[in-house]
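A.B. asks: Sequence:
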Amino acid sequence: MSLAALAVLLLAVGLEQGPKNQRIRIVAMGDSTTAGTPGWKSPIEAPPGGRGDETSQYAYWLMKTHPQWEVLNHGVNRERSDQIRARFERDVIEAKPKVVVIIAGVNDVYQGRPAAQVTEQLHAMYERAAAAGLRVAAGSIIPYNTATPEQNARMLEVNDWIRKQPGIAFVDTRASVGAPGEPDKLFESPDGLHPTASGYRRMAEAIGPVLEKILR
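For the sequence shown, the numbering used here begins at 706 and goes up steadily by one.
Because the hints were derived from the structure by calculation, they are not lab data. By construction, the Cβ of each residue, glycine as well, lies at the ideal position given by its N, Cα and C atoms. Mixed in with the good hints, there may be bad ones.
As the list claims (entries may be wrong) - Keeping only pairs whose Cα atoms sit at most 35 Å apart, straight-line, the calculated DSBU-like set for lysine-lysine is: (1) Lys890 with Lys769; (2) Lys918 with Lys801; (3) Lys769 with Lys801; (4) Lys769 with Lys803; (5) Lys869 with Lys803.
Stated by the list, open to error - DEER-style ranges, computed between Cβ atoms: (6) Leu920 with Glu794: 21 to 29 Å; (7) Pro772 with Pro854: 40 to 48 Å; (8) Ala751 with Pro819: 28 to 36 Å; (9) Ile798 with Pro772: 24 to 32 Å; (10) Gln727 with Thr853: 42 to 50 Å; (11) Pro871 with Ala821: 14 to 22 Å.
Let the hints inform the model, and build the full structure from the sequences given.
C.D. replies: Encoded structure:
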């Protein structure tokens, strides 16, 4: 075989194998429950690569079970839905993912904001993602142990709204970390507010099948 023919053959093989070997980019967008608080600081919070126990984030567990996925953790502790929306262009659209996972609203509820303000911000993010050709997996607000009945009612109102939205794939992340018989409490928590690494793994176990379906 001539060198020219060999070069053409290698190029053809490379073109054929390239897309198969390319990782699928997914952005995880949200607050502390995306960032991995308290065990992990996301790369947005502690650039360039994050800091802490990397197993304390659902992005880690998604990539561990799906090595073909590149899940960018763009969560930021304490952010409300409006603050998450404010950086959506930079942290989601400019990253050019195939899918964005959005979990937001717990800090709005904690700070006394009405459910309608959360759904307004979520709707805007869903619309922006759709306009950019991105699929959306939307997670429900997860519980925290000190929430009052009124706060839980607002979280459930937002979650019910998310579940009913057309064009998005709903993930019941709240149920994935709820305590048996006490769905408004975390099954495990180091601080009463956030999941343990095991809880983040459970979130990934809920999110993973939804992403698989989206990416088929």
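A.B. asks: For each hint, tell me whether it holds in the structure or not.
C.D. replies: How the hints compare with the structure:
1. Lys890 with Lys769: Distance of about 27 Å is within 35 Å: holds.
2. Lys918 with Lys801: Distance of about 20 Å is within 35 Å: holds.
3. Lys769 with Lys801: Holds. Lysine 769 to lysine 801 sits at ~22 Å (cutoff 35 Å).
4. Lys769 with Lys803: holds, 19 Å
5. Lys869 with Lys803: holds, 22 Å
6. Leu920 with Glu794: 21 to 29 Å: The hint (21 to 29 Å, Cβ to Cβ) holds, given that leucine 920 and glutamate 794 are roughly 23 Å apart.
7. Pro772 with Pro854: 40 to 48 Å: The hinted range 40 to 48 Å holds for proline 772 and proline 854, with Cβ atoms some 43 Å apart.
8. Ala751 with Pro819: 28 to 36 Å: Since alanine 751 and proline 819 have Cβ atoms about 32 Å apart, the given range 28 to 36 Å holds.
9. Ile798 with Pro772: 24 to 32 Å: Roughly 26 Å apart at Cβ, these two residues keep to the hinted range, so it holds.
10. Gln727 with Thr853: 42 to 50 Å: Holds, since glutamine 727 and threonine 853 (Cβ atoms, about 47 Å apart) stay within the stated range.
11. Pro871 with Ala821: 14 to 22 Å: holds, 19 Å
When held up to the earlier numbered hints, the structure conflicts with none and fits them all.
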